[in-house]
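*Asks:* Spelled out, the chains give:
Number of protein chains: 2
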Amino acid sequence: MTEYYLEDFSLGQQFESASYPVDEASIKGFAAEFDPQPFHLDEAAAKGTLFQGLAASGWNTAAITMKLMVEGPFKPVGGLIGAGIDELSWPQPVRPGDVLTAVTEVLEKRQSKSRPERGIMKIRTTTYNQRREVVQTYVASMVVQTRPQ
Amino acid sequence: MTEYYLEDFSLGQQFESASYPVDEASIKGFAAEFDPQPFHLDEAAAKGTLFQGLAASGWNTAAITMKLMVEGPFKPVGGLIGAGIDELSWPQPVRPGDVLTAVTEVLEKRQSKSRPERGIMKIRTTTYNQRREVVQTYVASMVVQTRPQ
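Residue numbers (my numbering), protein chains in the order written: chain A, 173 to 321; chain B, 173 to 321.
Excised from the complex, chain A in its bound form:
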């Protein structure tokens, strides 16, 4: 796939990933390793919680989104290197059987004054389920290389 220097991206440009099916085993496996709370581990225990049923850890959704991005068409030269994240939220829970897709939009970009070989680009990445409901959104500042002069 095409790799992009900072100059090659345009504001408003959007990149849509392939899709990722989420199953009960992967939700529970991630939770057992990193977020061992009842609503991520056990269907029965999850019923009586705020989630009202088994739901993926938000960090699991964030990790799946990263995989979709790395394997998708949004390809800065040198890779996806995040400098920081803001406005990360999970408006809807991710459930077993959901199929996730991530869309990345270019919001802003600027070349570094002190290091002209790179710049910072702000993107919004939104993760959808199969009903096109938003399950996660964030704004990321990415380190992107500029085209060698």
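Accuracy of the hints is not assured; some may be wrong.
If several chains are the same, the list does not tell them apart, and a pair holds so long as it fits within one copy or across any two.
[Stated by the list, open to error] Cut-off 20 Å, straight-line C-alpha distance, at most; resulting in silico cross-link-like pairs (SDA-like, lysine to any residue):
#, residue 1, residue 2
1, Lys-219, Ile-253
2, Lys-200, Ile-253
3, Lys-200, Ser-284
4, Lys-200, Arg-304
5, Lys-281, Glu-259
6, Lys-247, Glu-205
7, Lys-219, Leu-252
8, Lys-200, Leu-279
9, Lys-247, Phe-181
10, Lys-285, Ser-198
11, Lys-294, Glu-259
12, Lys-247, Thr-174
13, Lys-219, Val-315
14, Lys-294, Gly-256
15, Lys-294, Gly-244
16, Lys-294, Ser-261
17, Lys-200, Arg-296
18, Lys-294, Thr-309
19, Lys-294, Asp-214
20, Lys-294, Asp-258
21, Lys-219, Ala-204
22, Lys-247, Pro-208
23, Lys-285, Ala-197
24, Lys-200, Glu-215
25, Lys-247, Gln-317
In short, the hints are calculated from the structure, not lab data.
Take the given structure of chain A and dock chain B to it, following the hints.
*Replies:* Just chain B now, kept in the frame of chain A:
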């Protein structure tokens, strides 16, 4: 360990987790599943990148931090439920051999007007390596139950 209602937390209160050793296999395993980029997967390939050596995915550090929090002394009644995250950044890379610890500080809290049985509490969670360098920091809005009247 003690569980806390919203009323039980005080501003400025800090909670420090146990520690988590990071090894090469866990960095590469997470990367293979969720962030398959050369600087997270292969020591030799990582040398020529911005990271100058193998480094954990930022989402791996975030997931490890969640595990430290879930198993640590910061225990709202009903569990750790994040409504959103801001100012997430990774000031230093996490390397094989690092040992991580997370410290959570209470920044703000307020009861919900529409749903008095819960509130939102802002916390800052900072993750340190064994040299007490910050490897990750964020501000989270947590949903926390109020004490039943």
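*Asks:* Among all the numbered hints in the text so far, which are the ones the structure does not match?
*Replies:* 3, 4, 8, 10, 17, 19 and 23
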